[in-house]
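Trainee: Listed here are the chains, written in short residue letters.
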Amino acid sequence: MTKKKLNTQQYVRADESMKGARKVDVPGDTKAQTLEHQGKGILDSFVSRQQAAWSKLADKMVGAECLDD
Amino acid sequence: MPSATRWAAPFAVTRIRMAESPYLGTDLAMVSVAQGHLDEAWKEVRKVAPLLTDWGTDKLRSGLDPHVRTVLIEPHYVCRDFRDIYSHFYSKKFLERTSICNRLHFFSSDIHGIHEAIRRPNQYASSYIGYSVIQPVEDRCLGRSVFDPLMLGNDPDSFFCLRTKTRTRINGADYFVSGYPFISQSGEALVCAHASLWGVCRYLSERYQVYGELHPNDLIRMTSSSAGRRVPYRGMSYRDYSEILTAFGCHPELVFAQPTNSDWRTDAASFYDIYSYIESGFPVLVSFRGHVVAIVGLTLREDLQTDLLEEQTGFYNAFLLVKDFVAVDDNFFPYQRLGFKDDPGNYGTVYTELPRVPCIDSIYSAVVPLAEKVFLPARTARELLYRILNSTAAKNRLETTLSEMGLHGEKLVSRTFLTSGAAFKNRKRQCMLGEIGDKPDDLCAFSLDIRMPHFVWIMEISTVSGFRKRRIIAEVLLDATTNKDEGKNACVYMRIGDTIITGDEEQEFEADKEFVQYTHNLGERDD
Numbered sequence: 000m001t002k003k004k005l006n007t008q009q010y011v012r013a014d015e016s017m018k019g020a021r022k023v024d025v026p027g028d029t030k031a032q033t034l035e036h037q038g039k040g041i042l043d044s045f046v047s048r049q050q051a052a053w054s055k056l057a058d059k060m061v062g063a064e065c066l067d068d
Numbered sequence: 000m001p002s003a004t005r006w007a008a009p010f011a012v013t014r015i016r017m018a019e020s021p022y023l024g025t026d027l028a029m030v031s032v033a034q035g036h037l038d039e040a041w042k043e044v045r046k047v048a049p050l051l052t053d054w055g056t057d058k059l060r061s062g063l064d065p066h067v068r069t070v071l072i073e074p075h076y077v078c079r080d081f082r083d084i085y086s087h088f089y090s091k092k093f094l095e096r097t098s099i100c101n102r103l104h105f106f107s108s109d110i111h112g113i114h115e116a117i118r119r120p121n122q123y124a125s126s127y128i129g130y131s132v133i134q135p136v137e138d139r140c141l142g143r144s145v146f147d148p149l150m151l152g153n154d155p156d157s158f159f160c161l162r163t164k165t166r167t168r169i170n171g172a173d174y175f176v177s178g179y180p181f182i183s184q185s186g187e188a189l190v191c192a193h194a195s196l197w198g199v200c201r202y203l204s205e206r207y208q209v210y211g212e213l214h215p216n217d218l219i220r221m222t223s224s225s226a227g228r229r230v231p232y233r234g235m236s237y238r239d240y241s242e243i244l245t246a247f248g249c250h251p252e253l254v255f256a257q258p259t260n261s262d263w264r265t266d267a268a269s270f271y272d273i274y275s276y277i278e279s280g281f282p283v284l285v286s287f288r289g290h291v292v293a294i295v296g297l298t299l300r301e302d303l304q305t306d307l308l309e310e311q312t313g314f315y316n317a318f319l320l321v322k323d324f325v326a327v328d329d330n331f332f333p334y335q336r337l338g339f340k341d342d343p344g345n346y347g348t349v350y351t352e353l354p355r356v357p358c359i360d361s362i363y364s365a366v367v368p369l370a371e372k373v374f375l376p377a378r379t380a381r382e383l384l385y386r387i388l389n390s391t392a393a394k395n396r397l398e399t400t401l402s403e404m405g406l407h408g409e410k411l412v413s414r415t416f417l418t419s420g421a422a423f424k425n426r427k428r429q430c431m432l433g434e435i436g437d438k439p440d441d442l443c444a445f446s447l448d449i450r451m452p453h454f455v456w457i458m459e460i461s462t463v464s465g466f467r468k469r470r471i472i473a474e475v476l477l478d479a480t481t482n483k484d485e486g487k488n489a490c491v492y493m494r495i496g497d498t499i500i501t502g503d504e505e506q507e508f509e510a511d512k513e514f515v516q517y518t519h520n521l522g523e524r525d526d
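Protein sequence lines, in the order shown, are assigned to chains A and B.
Going left to right, the first sequence walks through residues 0 to 68 as numbering that gives the first Met the number 0 numbers them.
Going left to right, the second sequence walks through residues 0 to 526 as numbering that gives the first Met the number 0 numbers them.
Hints listed in this document are in silico derivations from the structure and should not be mistaken for laboratory results.
This one's a predicted model, so the numbers in the text were calculated from it and none came from an experiment.
In silico lysine-lysine, PhoX-like type, Cα no more than 25 Å apart, as pairs:
#1 A:4 with B:394
#2 B:438 with A:2
#3 B:394 with A:30
#4 A:4 with B:438
#5 B:512 with A:18
#6 B:424 with B:164
#7 A:22 with B:512
Turn these sequences into a full structure, and let the hints guide you.
Mentor: Quick look at the structure:
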């Protein structure tokens, strides 16, 4: 792959800078990993954990949580 | 002149003036602080600022003694924060007291008289450490105070902290200080939760125009009455925190840490989350079961604290390079060092009465005043960023770059943080022009023409030694308004060495493979 030189004496256009670039598939690879992780329930468990945290703490006094633990 | 009461004596200066004329003379005074004669100097300060209590003197001296050379004193200062709490609380008490405060200004240089300080503020601007309002309350008298931590002996290479520029006017002379706002708790109307929340709100309103200014009684008024009366002594629940921060204009996020045996490594992901929010430039309110403080920065260590790879990745989280968190605790002079457990320098060891010694490992919860358009929480962002970095194109490019740089096999550190698209572009522009870094970085020009969401999550990759030199070899930008399902398409772009990858394209450029770390969030470091 040829290295391009950006001419910063002029305004650099991002789309023009990428003309002739090599094709890759980052979204496809990312999606495959996300599906794999979702299959294990990793992200969903995070969401439910957060909700649980708020409901557990909502009525506790900040800085005095130990009192009713 | 009113008859003397138990409270009248300390405010003699103010009262005498009022008997003559309510407007005549500010009684501005100056005390030179000669090293070796500190006790005498502070006695002089207290003569002119009679509201300064023993507690207040101890706290100020603990942070200022090695640095201060001159104290300028305004004995008659109307503080908008104290007036607010005075009007709504202290004025209703039977024993009379003034609503007038003292204010102390601290300089690290000698000043040859009040006249000089007022005539030539520019000459003394670089030695202005900051100020402290002294409130007419018993004991915990430190009102609104701002000190510049970089003028208090902290090494700018390893100390990173939130600061916002505040203007003070002393008899018409403008002085500026960059620091994090501090107030102590009176224990009567304000408790530690109020003081910490006040600091967060004041920092945000001083720094960003979008937030309005809150005063101490606003916080009391906004505290729910569902748990009974709010003053005196009533603290705040997490529900109050959430409602107040929401009314203020923030969108609070809670991180609930559950380490076992006070060892952060047993719930590492939560601590990585907290670290990410601190690196993102948000003051983070943390609780230790029994006390709450604001975390406003961090200090760095030379090497990784432990050899713990982040789960399912080949990277070490930059949290492992944290030595301390910088804490603003209303019981101490600001910018205390909150260390890990067993750290002898951890200021939290003085709290012997709490169930667990305050330290990083004993953090129980963290409340983060996020902005609205940050829909993606830290943990999900980090997971998505790692997946993007684990794509075939990114992984291959990173390996190639490391080989070309002779860094194959080096330990790699990842740092994840939020920033605004506008601030990011500003920094890139400075790098492009060579205003930051050893020389102009042409590839930064590419970043300026990118369509940016309001907020982006960024993951930077560097070696351990590169991190300390503030140099990185990769950055990945993720749209912070995305969600976990559409996140696969939300990679704004990534730069790995001299290569840009934008989802479905990859292009190499003539550029350095190592480039400048982003340090805007906790203070610019222009190197």
